[in-house]
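Q: Next come the chains, spelled out residue by residue.
Number of protein chains: 2
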Amino acid sequence: MSAYAALAEPHRRDILDLLRGGERSVGELVARLDISQPGVSKHLRVLRDAGLVTVRPEGRVRRYALSPAPLAEVDAWLEPYRAAWSARLDVLQRHLEEHPE
Amino acid sequence: MSAYAALAEPHRRDILDLLRGGERSVGELVARLDISQPGVSKHLRVLRDAGLVTVRPEGRVRRYALSPAPLAEVDAWLEPYRAAWSARLDVLQRHLEEHPE
DNA sequence: GTCAAATATAACTCACCGGCTATATGGCGC
DNA sequence: GCGCCATATAGCCGGTGAGTTATATTTGAC
Numbered sequence: 001m002s003a004y005a006a007l008a009e010p011h012r013r014d015i016l017d018l019l020r021g022g023e024r025s026v027g028e029l030v031a032r033l034d035i036s037q038p039g040v041s042k043h044l045r046v047l048r049d050a051g052l053v054t055v056r057p058e059g060r061v062r063r064y065a066l067s068p069a070p071l072a073e074v075d076a077w078l079e080p081y082r083a084a085w086s087a088r089l090d091v092l093q094r095h096l097e098e099h100p101e
Numbered sequence: 001m002s003a004y005a006a007l008a009e010p011h012r013r014d015i016l017d018l019l020r021g022g023e024r025s026v027g028e029l030v031a032r033l034d035i036s037q038p039g040v041s042k043h044l045r046v047l048r049d050a051g052l053v054t055v056r057p058e059g060r061v062r063r064y065a066l067s068p069a070p071l072a073e074v075d076a077w078l079e080p081y082r083a084a085w086s087a088r089l090d091v092l093q094r095h096l097e098e099h100p101e
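So the sequences go chain by chain: V and D. Residue numbering for the first sequence is 1 to 101, as defined by full-length UniProt numbering. Residue numbering for the second sequence is 1 to 101, as defined by full-length UniProt numbering.
Source of the hints: derived by calculation from the structure; they are not laboratory data. Please note that a few of the clues may not be correct.
Not everything, but these chain V residues come out facing chain D in the computed CB check (under 8 Å) [as the list claims (entries may be wrong)]:
id: 1; residue: A5
id: 2; residue: L71
id: 3; residue: V74
Note that this is a predicted model, so its numbers are computed, not measured. Heads up, the beta-carbon is just placed ideally off N, CA and C, and yes, glycines get one too.
Generate the whole structure from the sequences, applying the supplied hints.
A: Here you go:
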């Protein structure tokens, strides 16, 4: 699954947001996510296949960590659009300068 | 459908990319997209519902234009991750400086 | 070795998505 | 009005996604 598709699911974005705070075990994620443990494991599998997270087994616990590299592609795709919407903001700003309310 | 989900479909990203070059009629999009006209219309409907494009009827032609505002949300979500992956690059860079091959 | 804890996988269901063809809708030319 | 052109919608189908419960797997504790 592409990084784009992986991000389409809100729970998966939640998981990534949680992992931004550092490594988390599956149990810790389950505790914060209002879906079943197998559901979390399934999402983690998708994220792992997309290269967005990595696992580090530690005893019987598996700690997941963020691996944000694939997001760079999304960011790169977004790049030209950033110009587009800031251009729009510029237009608005110029308009306001020339026609103050 | 959320902006994230809208972006999950490659054809829809293609459509947005095409619209970056300016307004396009449905026919022009169909000509470049290797899917049927109804398929394109369906994707345009999704993009419209997500607020990513706007329509301007002009005679019997409907011209679609980019409306990138919802992408700002995606960009904002991505923001903290940008830090995360540039941090990783920094780590790599420092490593290379301290241990040149 | 046995049991319990942590996690993954299997198997199932339901809903939705993306493609198609066929058809409806609305504007234009005559 | 009639027919054509551009586009949208309806309706169908096959695939897949996200959730569940039940079960398998691995590891640690004893």
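Q: Would the stated hint for V:A5 survive a check requiring a Cβ distance to chain D of less than 8 Å?
A: holds (4 Å)
Q: Against chain D, is V:V74 within 8 Å by beta-carbon distance?
A: holds (7 Å)
Q: So, as I understand it, the hint says V:L71 touches chain D; can you test that by seeing if any CB pair is closer than 8 Å?
A: With Cβ-Cβ at 5 Å, under 8 Å, it holds.
Violation of the numbered hints given earlier is absent; every hint is satisfied by the structure.
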